[in-house]
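Peer 1: Residue numbers (my numbering), protein chains in the order written: chain A, 1 to 375; chain B, 1 to 253.
Since the hints were derived computationally from the structure, they do not count as laboratory data.
In this text, a Cβ means the ideal position worked out from N, Cα and C, and glycines have one as well.
Watch out, some of these pointers could steer you wrong.
[As the list claims (entries may be wrong)] Take a look, some chain A residues computed to stay more than 10 Å from chain B by CB distance:
id: 1; residue: Ile132
id: 2; residue: Val147
id: 3; residue: Met237
id: 4; residue: Ala245
id: 5; residue: Ile251
[Unchecked claim] Restraint ranges, calculated between C-beta atoms of paired labels, are given here:
id: 6; chain 1: B; residue 1: Gly32; chain 2: A; residue 2: Asp61; range: 26 to 36 Å
id: 7; chain 1: B; residue 1: Ala128; chain 2: A; residue 2: His145; range: 29 to 39 Å
id: 8; chain 1: A; residue 1: Ala117; chain 2: B; residue 2: Asp113; range: 29 to 39 Å
[Said to hold, decoys possible] Selected chain A positions facing chain B (in silico; Cβ < 7 Å):
id: 9; residue: Glu45
id: 10; residue: Ser46
id: 11; residue: Glu242
id: 12; residue: Asp244
id: 13; residue: Leu249
id: 14; residue: Gly250
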Amino acid sequence: MPEDVESPPARASVSAVEGELWVELAGTWRLHDPRVRWEALARGESAQRVRVQIGGLTAWDSSLLLFVDEIVRWCAGRGLTCDLAALPVSMRRLLSQLEAGHAAAPPAERSHTLLTAVGVSAQYLVRQARGIFQFVGECVESGFHVVARPSTFRWRDCFYEMQQCGAMALPIVSLISFLVGLTLGYSGAVVLRRFGGDIYIADILGVAMTREMGAVMAAIVLAGRTGAAFAAQIGSMKANEEIDALTTLGIPPMRFLVLPRIVALGVMMPLLAIYANCLGVVGGMVVARAVLDISPTAYWVEMLTIVDVSDLSVGLIKAVAFGLIVGVAGCMRGLQAERSAAGVGRAATSAVVTAILFIILADAVFAVVFQTIGL
Amino acid sequence: MPAAPAIEVTGLECGYDGRVVLQDISFSVSAGEIFFIIGGSGCGKTTLLRHLVGLNRPWRGEVRFLGRSFTHAAPAERRDVLRTFGMLFQGGALWTSLTLRENVALPLEEYTDLPRREIAQLARFRLAQVGLAGFEDYFPAEISGGMKKRAGLARALALDPRIVFFDEPSAGLDPVSARQLNDLVAQVRDTFGTTIVVVSHDLDSIFRLADRLIMLDADTRGIIAEGAPRALVAGSTDPRVLEFLALHSGRSA
Chain A
1 MPEDVESPPA RASVSAVEGE LWVELAGTWR LHDPRVRWEA LARGESAQRV RVQIGGLTAW
61 DSSLLLFVDE IVRWCAGRGL TCDLAALPVS MRRLLSQLEA GHAAAPPAER SHTLLTAVGV
121 SAQYLVRQAR GIFQFVGECV ESGFHVVARP STFRWRDCFY EMQQCGAMAL PIVSLISFLV
181 GLTLGYSGAV VLRRFGGDIY IADILGVAMT REMGAVMAAI VLAGRTGAAF AAQIGSMKAN
241 EEIDALTTLG IPPMRFLVLP RIVALGVMMP LLAIYANCLG VVGGMVVARA VLDISPTAYW
301 VEMLTIVDVS DLSVGLIKAV AFGLIVGVAG CMRGLQAERS AAGVGRAATS AVVTAILFII
361 LADAVFAVVF QTIGL
Chain B
1 MPAAPAIEVT GLECGYDGRV VLQDISFSVS AGEIFFIIGG SGCGKTTLLR HLVGLNRPWR
61 GEVRFLGRSF THAAPAERRD VLRTFGMLFQ GGALWTSLTL RENVALPLEE YTDLPRREIA
121 QLARFRLAQV GLAGFEDYFP AEISGGMKKR AGLARALALD PRIVFFDEPS AGLDPVSARQ
181 LNDLVAQVRD TFGTTIVVVS HDLDSIFRLA DRLIMLDADT RGIIAEGAPR ALVAGSTDPR
241 VLEFLALHSG RSA
């Protein structure tokens, strides 16, 4: 189908010859040109037979096939004979392929009724829940195996991951925690000033950061940074058959890939939470000094009157749990990833969403439990 | 009593998401044989391989290695069977975070109590065996596709396996690299008497290496031919087999 720059436009003429309709095709037929419609040409015509011929046809593409197919279907609808013998063999072959497309099975019905949609969603949830329990169970089993045989643990990988998720995360954790402290400080300052309770900003910042915000903010940062990275790393390993290579060697991916990462996060998260607490408190201190004119010493002394070891413990317990959640979510989504680039991307996104969802859920559960036991 | 075949597959049926890919697959591979699994695209060659090496569990049937059941083995026994075979994946599947030496050393660390020095020595030996001496401290990202496959073969051979599986070994390689890899495959069998199972549709490799083959067919979901390649060309009356294998004869002529 050569391109003709000075090409004459597509033409189709119809003439009645001895009870037959002769359709003569000419010119250059291009998909991007205005379509010639058979229905318009054939209006009012009647015959026993339609013969399609080409004369002066300079170039053609799929638009001509569509036009001839229109003629064929028009004839079929009226019980007429359509004679395509004058067309080149290559064109007839393409037309038969086009016709085969009409005969193909209709696309599968993918829409669901409300009831089916509810059922499918319920099945999905059950599968997800089962997947999470199974994964956590395998983690625990591998954990016991490693405790029994510590030499089988990949210490080097674990230390590497600790560096990646700990030391390398310090800049972003610093920035976020400091800004959270600053924001909490400003919000508190506005309210406290009305009641003349300026000094209590230290209490608010101290308790909020140590019990809640330090661990939560560090966990959310790590969910986005490390959890997504775990999912992407493991997902791409799966796509490259690296996980299969481990399996065929009898090396459980759980022990080789998952445990070092989860342990690394479980160890580093409390340290990051303590660091985040400090930065958040400093952020509040800056606001106290700048807005409420409270000296850092007064701020510090007041904070120590309210924050005690139980507050720190609560924050650290949460941090360990959040670290494990981020690690489990990242590794699980990575291992569940489809074997494609898009699958790896989806796994990374899903790891972040799963981790944040379970961090918030766990935080709510912790709030109730600590309240009940008086911590 | 005759020795058990290296691999024995009986009545294997497998598929994905309720869709049957292969059914009633039965064949055996003798020790020291180079055995090809061939067929057109989408006929289930790689699926069969994944079921043979235990990456997927068959719906029905059994796979036995050296007379021991693999499909129904307990986890500890399964690990023991896994120790007897190696696998070269299509892209090499090297662990990207480890150097070539570490890639080859890992199976030795997992399965042996050898001192670190000897493991390193063995890893260097395996890499030299596949022509990668001097590349021990390279990472997989730093070497070519052909070198990755050779490094993958070195890893597959690390534990002196009695059976080695190859998934499309010549895919994506230039003719020279493909021939070098074929030579390595033949060398492994001739030197160690290793049983070799190759999934491929590369006719040059099939006619150069295969002692025997099975041909799978997507329509029947089963084996449509079994035997030596040249014997099949000469004796088969199945047009699907002839069309596939005769392409080589036509090209050689």
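Peer 1: All hints, please: hold or fail.
Peer 2: Verification of the supplied hints:
1. Annotated as non-interface, Ile132(A) keeps its C-beta farther than 10 Å from every C-beta of chain B; the closest such distance is 21 Å.
2. Non-interface call for Val147(A) relative to chain B: holds, since the shortest CB-CB distance, roughly 18 Å, exceeds 10 Å.
3. With a closest Cβ-Cβ approach of about 7 Å to chain B, Met237(A) is found to fall inside the 10 Å limit, against its non-interface label.
4. Ala245(A), annotated as away from the interface, has a beta carbon of chain B within 10 Å; the closest lies near 4 Å.
5. Residue placement check: Ile251(A) does not keep its beta carbon more than 10 Å from all beta carbons of chain B (closest about 5 Å).
6. A hinted range of 26 to 36 Å is violated for the C-beta pair Gly32(B) and Asp61(A), which are about 58 Å apart.
7. At roughly 35 Å, the beta carbons of Ala128(B) and His145(A) sit within the given window of 29 to 39 Å.
8. Ala117(A) and Asp113(B) have their C-beta atoms about 57 Å apart, which leaves the hinted 29 to 39 Å range violated.
9. Hint status for Glu45(A): violated, given a least beta-carbon distance of 46 Å to chain B, over 7 Å.
10. Annotation: Ser46(A) was flagged as interfacial toward chain B, and the flag is violated, the nearest CB pair being 46 Å apart, outside 7 Å.
11. Contact between Glu242(A) and chain B, as hinted, is supported at the beta carbon level, the nearest pair being about 5 Å apart and thus within 7 Å.
12. Because the smallest distance between the Cβ of Asp244(A) and any Cβ of chain B comes to about 5 Å, under 7 Å, the interface hint for this residue holds.
13. With a least beta-carbon distance of about 5 Å to chain B, the hint placing Leu249(A) at the interface is held under the 7 Å criterion.
14. Interface restraint check for Gly250(A): the shortest CB-CB distance to chain B comes to about 4 Å, inside 7 Å, so the restraint holds.
Comparing the model with each numbered hint stated earlier shows that hints 3, 4, 5, 6, 8, 9, 10 do not hold.
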